[in-house]
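*Asks:* Take a look at the letters that make up each chain.
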Amino acid sequence: MRLLYFAWLKQKTGVTEEEVELPGEVTKVSELLDWLAGRGEGYAEALANRKTIRVAVNQEYARADDPVKDGDEVALFPPVTGG
Amino acid sequence: MRLLYFAWLKQKTGVTEEEVELPGEVTKVSELLDWLAGRGEGYAEALANRKTIRVAVNQEYARADDPVKDGDEVALFPPVTGG
Amino acid sequence: MAVRVQREDFDPGAEIAALTAGNTAVGGLAVFVGLVREMAENRQLSAMTLEHYPGMTEKMLERIEAEAKERWPLEASLIIHRHGRLEPGERIVLVAAASPHRDAAFDACRFLIDWLKTQAPFWKLEEDSKGTGTWVEARESDEEAAGRWQ
Amino acid sequence: MAVRVQREDFDPGAEIAALTAGNTAVGGLAVFVGLVREMAENRQLSAMTLEHYPGMTEKMLERIEAEAKERWPLEASLIIHRHGRLEPGERIVLVAAASPHRDAAFDACRFLIDWLKTQAPFWKLEEDSKGTGTWVEARESDEEAAGRWQ
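Residue numbers (this note's numbering), protein chains in the order written: chain A, 1490 to 1572; chain B, 1490 to 1572; chain C, 71 to 220; chain D, 71 to 220.
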């Protein structure tokens, strides 16, 4: 799975983009966030407040219960502020 | 009094602009229109349907009961259609 | 704040650039440009002639602009309206409003054109391909649009 | 119908002229231009950096534009959004909608910017005079504005 981080999620994790291999028990967005939060202090901090995080799976907005799988492109970012 | 006519009011009266002397009994907009309607066929036709006529006295929109007097600039025109 | 009534065309790009040039308080600029359509209510037009009431026109446009400035926090605004004979595709009118905030810019811009359409003394004479001229009748929908702002 | 995400500036005049050139079905063109303000919530800004998600950004903008086209009779539309570092007074975004009718042009234009603000993956980092960067937080008022069109 390809993971992308934007805005302060990129700053807090210190990661712009990474390839990860999903553990078998991670099958949906909420489980992915739980698993990521356990990968280190920066991740834990970045993911502390789930309300402030938006997730896109393969460039489509996704919800906590939406499925994820190896091969997906998953992006984590705060609510958008363009325009 | 200076009278101005615009759009189809100009076409029907055949007049762009004229100077008239008001009879003493003409003191308000509705009386002015009545008097003008009696000045000839073109005027009568132009003023037949009062609902389609707007009046400005000294470049301010005026109502039937608003006063008019010698020296005023009075314009007659249909509802506006610019923009 | 400016109002112009003119025969000649205008350059929307230059106008809107000048409107906000050097003003870093502007966050949003809303612009409306009205153009002559070739079809009007299923009739093919070859041209349109805009008549106006010199003097009163400028006065009403200035009042409309002043009213917009009263209602919204505007940094700049502009109304340009042409008169005379215009062919399909030609620009008729430009209204613009610049504000720190986008909603104010949009609302003020729409107010300007809605009120202009019911308050400013302009009249359109449509000309069809045979050269027959027809005075455009005021539309109720324009009155309703202006009524939004009462 | 066009969408552009770019680093470089754009020329609003040239863009809106091209949008309606030769199209005599257009009666009204509504345009919104968003600019970098010097003051944001009482803080003085020296610059703003716009980050975006290449690929998804274009996809979302195209979807927003298609949705506008579904809802209103549009002859043309355009969305241009810049990214990277921008200083006060610089243009950020342009949205435009052209229609036979003015109300449709206005509504579509406002819809485009309202939805863009809540759907398109852009993030603003504000930079103050000391060079301190602060990520802008999403505003509830933007959610509400987008909600108008639900």
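No wet-lab data here; the hints were simulated from the structure. Do not rely on the hints blindly, as some may be mistaken.
[To be verified] With a Cα cut of at most 35 Å, we get these calculated DSBU-like pairs of lysine-lysine:
id	chain 1	residue 1	chain 2	residue 2
1	A	K1540	D	K139
2	B	K1501	B	K1540
3	B	K1517	C	K139
4	C	K139	B	K1501
5	A	K1558	D	K200
6	D	K129	C	K139
7	B	K1517	C	K129
8	D	K129	A	K1558
9	B	K1558	C	K200
10	C	K129	B	K1558
11	C	K200	B	K1517
12	B	K1499	C	K200
Note that this is a predicted model, so its numbers are computed, not measured.
*Asks:* Please verify whether K1499(B) and K200(C) have alpha carbons no more than 35 Å apart.
*Replies:* 22 Å, holds
*Asks:* Check whether the Cα positions of K1517(B) and K139(C) lie no farther apart than 35 Å.
*Replies:* Holds. K1517(B) to K139(C) sits at ~34 Å (cutoff 35 Å).
*Asks:* Compare the distance between the alpha carbons of K129(C) and K1558(B) with 35 Å, and conclude whether the hinted pair is satisfied.
*Replies:* 22 Å, holds
*Asks:* Under the criterion that the straight-line Cα-Cα distance not exceed 35 Å, is the pair K1501(B), K1540(B) satisfied?
*Replies:* It holds: about 16 Å lies between the C-alpha atoms, which stays within 35 Å.
*Asks:* Keeping to a limit of 35 Å between CA atoms, is the pair of K139(C) and K1501(B) held or broken?
*Replies:* At roughly 39 Å apart (the allowed maximum being 35 Å), K1501(B) and K139(C) break the hint.
*Asks:* Are the Cα positions of K1540(A) and K139(D) separated by 35 Å at most?
*Replies:* Holds: K1540(A) and K139(D) sit about 32 Å apart, inside 35 Å.
*Asks:* Mind checking the alpha carbons of K129(D) and K1558(A) for me, to see if they're no more than 35 Å apart?
*Replies:* 22 Å, holds
*Asks:* Hey, K1558(B) versus K200(C), does the alpha-carbon distance stay inside 35 Å?
*Replies:* Judged against 35 Å, a Cα distance of about 44 Å means the pair is violated.
*Asks:* Can the restraint linking K1558(A) and K200(D) be considered satisfied, given a maximum Cα separation of 35 Å?
*Replies:* 44 Å, violated
*Asks:* With the threshold set at 35 Å, check whether the alpha-carbon distance from K129(D) to K139(C) stays at or below it.
*Replies:* At roughly 38 Å apart (the allowed maximum being 35 Å), K139(C) and K129(D) break the hint.
*Asks:* Assess, step by step, whether the Cα of K1517(B) is no farther than 35 Å from the Cα of K129(C), and give holds or violated.
*Replies:* 23 Å, holds
*Asks:* Just to be careful, I want the Cα atoms of K200(C) and K1517(B) compared with a cutoff of 35 Å; is the pair within it?
*Replies:* 42 Å, violated
In terms of the numbered hints stated before, the structure departs from hints 4, 5, 6, 9 and 11, listed from lowest to highest.
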